[in-house]
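> Construct the complete structure from the given sequences, taking the supplied hints into account.
Number of protein chains: 2
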Amino acid sequence: MSLREGKPTYRFASCMNHLPVSFLDELFRISAVPGLISFAGGLPDASFFDLEGIKAAADRVFQEQGKNALQYTTTDGYLPLREEISKRYKRRLGLDINPDEIQIVNGSQQSLDLVAKILTNPGDTILIERPGYLGAIEAFSFYRPRFSGINPDKEGPDIEILKTRLFEDNPVFFYGIPNSQNPSGLTWSDKRRREVAEILSDTSCLFYEDDAFGELFFDGKPRQPVMRYNPEKTMLSGSFSKIIAPGLRTGWIRAPPEVLTAFNRAKQAADLHSNLFSQMILTEYIQTHDIDKNSRQMATEYEKRCKIMTDLVKDLLPDTIDHTRPVGGMFMMLTLPDSMHSMEVFHKGIKRGVAVMPGIPFYTDDGGCRTIRLNFSASSEEQIKTGMERLSKVFE
Amino acid sequence: MSLREGKPTYRFASCMNHLPVSFLDELFRISAVPGLISFAGGLPDASFFDLEGIKAAADRVFQEQGKNALQYTTTDGYLPLREEISKRYKRRLGLDINPDEIQIVNGSQQSLDLVAKILTNPGDTILIERPGYLGAIEAFSFYRPRFSGINPDKEGPDIEILKTRLFEDNPVFFYGIPNSQNPSGLTWSDKRRREVAEILSDTSCLFYEDDAFGELFFDGKPRQPVMRYNPEKTMLSGSFSKIIAPGLRTGWIRAPPEVLTAFNRAKQAADLHSNLFSQMILTEYIQTHDIDKNSRQMATEYEKRCKIMTDLVKDLLPDTIDHTRPVGGMFMMLTLPDSMHSMEVFHKGIKRGVAVMPGIPFYTDDGGCRTIRLNFSASSEEQIKTGMERLSKVFE
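Residue numbers (full-length UniProt numbering), protein chains in the order written: chain A, 1 to 396; chain B, 1 to 396.
Among the clues, some could well be false.
Any copy, or any two copies together, can satisfy a pair, since identical chains are not distinguished.
Mimicking PhoX-like on lysine-lysine, the simulated pairs with C-alpha atoms at most 25 angstroms apart in a straight line are [unchecked claim]: (1) K55 x K67; (2) K221 x K87; (3) K304 x K67; (4) K351 x K393; (5) K67 x K293.
None of these hints come from the bench; they were simulated from the model.
Given below as structure tokens:
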């Protein structure tokens, strides 16, 4: 039983030495500090979770197929749920997506991990919007890619930069969030979507279209995904986390058959299958409730909060601070004057009782010192007012 | 929106070209063929799932903390659940394991993926029992290791082979299932556990101890894990899949702090956190039910089925067929005479209406042609009798 003297040393895979600083878990912890108003996280407002409806759905699952719900199942996911997802694409967007083209995952985050896993060799280039979603940067980093950031203009990713990068870097995929991007809050124009789809046709680069916020447009109107214009070159991921409940950890990905086969294989190795009980609850819930109505109510409320926050940026913060104008989703971005650093705002904000998200983890280069992400979905109007007042003190 | 002519070609990561043939999903599908008796799968008997008790637990979670259960949470897992796991280690095995040493995962399979992810560079050696668990081989393969198989003797992995491999191959970890191994059904002696723990002290190789079956010993007596004898060099994984319900996809891993930190980082990137609703249901269920009693009843029933199957191997199959003598778990292994191939038995069995699991996917070399895995947990006594009669026809 001898334990040799001294502390053991552990050897880790090289990827562990190439990870960015992690902010995600820190954010969840900050959000639990009493009295702190947090614009730093990315939580949906739990008051919109339909507890009663979800409980009724769970009751029915227990009653009608309890033992099945608790047993192992196949990797691809519960077929009736994939059918509901397929029907919703048809109804909302007029898209013909067969249930067989869909794989269920544990929320969008798992798609990020598995797409990178099946497509990326160390040193391969991944294109990503600049700024890009930090959860994606985190997931992709484990596969040791070279990141190449694409700056946006008002319509979406700069098309000339994109062209140059596509042909110079031979990237394996381009990751983007065309609907209410996280962190910027920007939405791509339809024209830009078509242009991106068109350009990809000439390359062996896939587009990874992350659509977590497409059902939260303030005007209630859906936007066509890039996938519509080039399905063979696009993987499209979606999630119930923002519109029903994140705790159920259920999302999906639609991909071209050959890609989906590889993805399914990786999913099986990763955790066999997603939580079947949750998949059945969601299916039952979708079949018996108007979930579009709920997400419209949510979007209307988020719009109100976004407007209050935008107005307060203008009223309370220095004129030198610019902000994006979201048309949906949960986030907006501020650009600071050169005299201020985003980490300084973050630390001073915490002291004042308000948390903002510094831009740094959204950049794969040394960017983010002049940008801040604000979340407007998780705070009430009162909290937004108080929080913005506290934030204004930071700039005095 | 031009789609260029011809089928697009996709580029995949190199690991995709190095995966073994997959059997897992195929098995779940076979298990749905009507009339077929399957000894090929690895399902627990769903009649032991305590539907009523789990529903009552779910009701309470909805009632008392519904909104929290449906919201995002931290990566490490629901603290009260980790506390229950810690308490059970103390009560069952006298082990002091702090809840902080435990990370919740989506069933043991996710631990397999993430451990390999944080420890393995392409070309690194992973030691694994020969035969070894196919789900582990599958998960590890994505990280392109070199596998090195350790044959067992009656007490566990051959200690001389292990020593040689440890010093010649400098492996990153050794993966094994000391309790009722899948696929062999073998259980390591306590002496061997101590020897393995001792040997590892002199190396930088970690032991990955997969304990999915430790609560299903027929005699109801727990065995001390290797971890007890060398906690700094051992990662110990467990699961509720075999003793409560696999559909809830909840397992855990206990690892030394430095390793757990890396693991937690990988878990966050992989899917943020495991299903919180299921974690809360399990916590409530464990706090209000005697789950040890249920697993003892399960083990007693499995023992009966194992004995019937063992007797029928002797009575119905040729004398040239040898079998292991499990003292717990869900599997036994048959060794065929040189004149028969395991794939032949598999294909002929399907035609006769009985599915067995050929040994091939449990070997990382060209082994497995003379071995077959039989599952005895998922079939009733009657099904075992009928299935073994059908199997006997294959050998006529």
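> All hints are to be evaluated individually against the structure, with a verdict given for each.
Here's how the hints hold up against the structure:
no.: 1; hint: K55 x K67; verdict: both (18 angstroms within a copy, 11 angstroms between copies)
no.: 2; hint: K221 x K87; verdict: within (17 angstroms within a copy, 52 angstroms between copies)
no.: 3; hint: K304 x K67; verdict: between (44 angstroms within a copy, 23 angstroms between copies)
no.: 4; hint: K351 x K393; verdict: within (10 angstroms within a copy, 77 angstroms between copies)
no.: 5; hint: K67 x K293; verdict: between (32 angstroms within a copy, 19 angstroms between copies)
Checked against the numbered hints given earlier, the structure satisfies every one of them.
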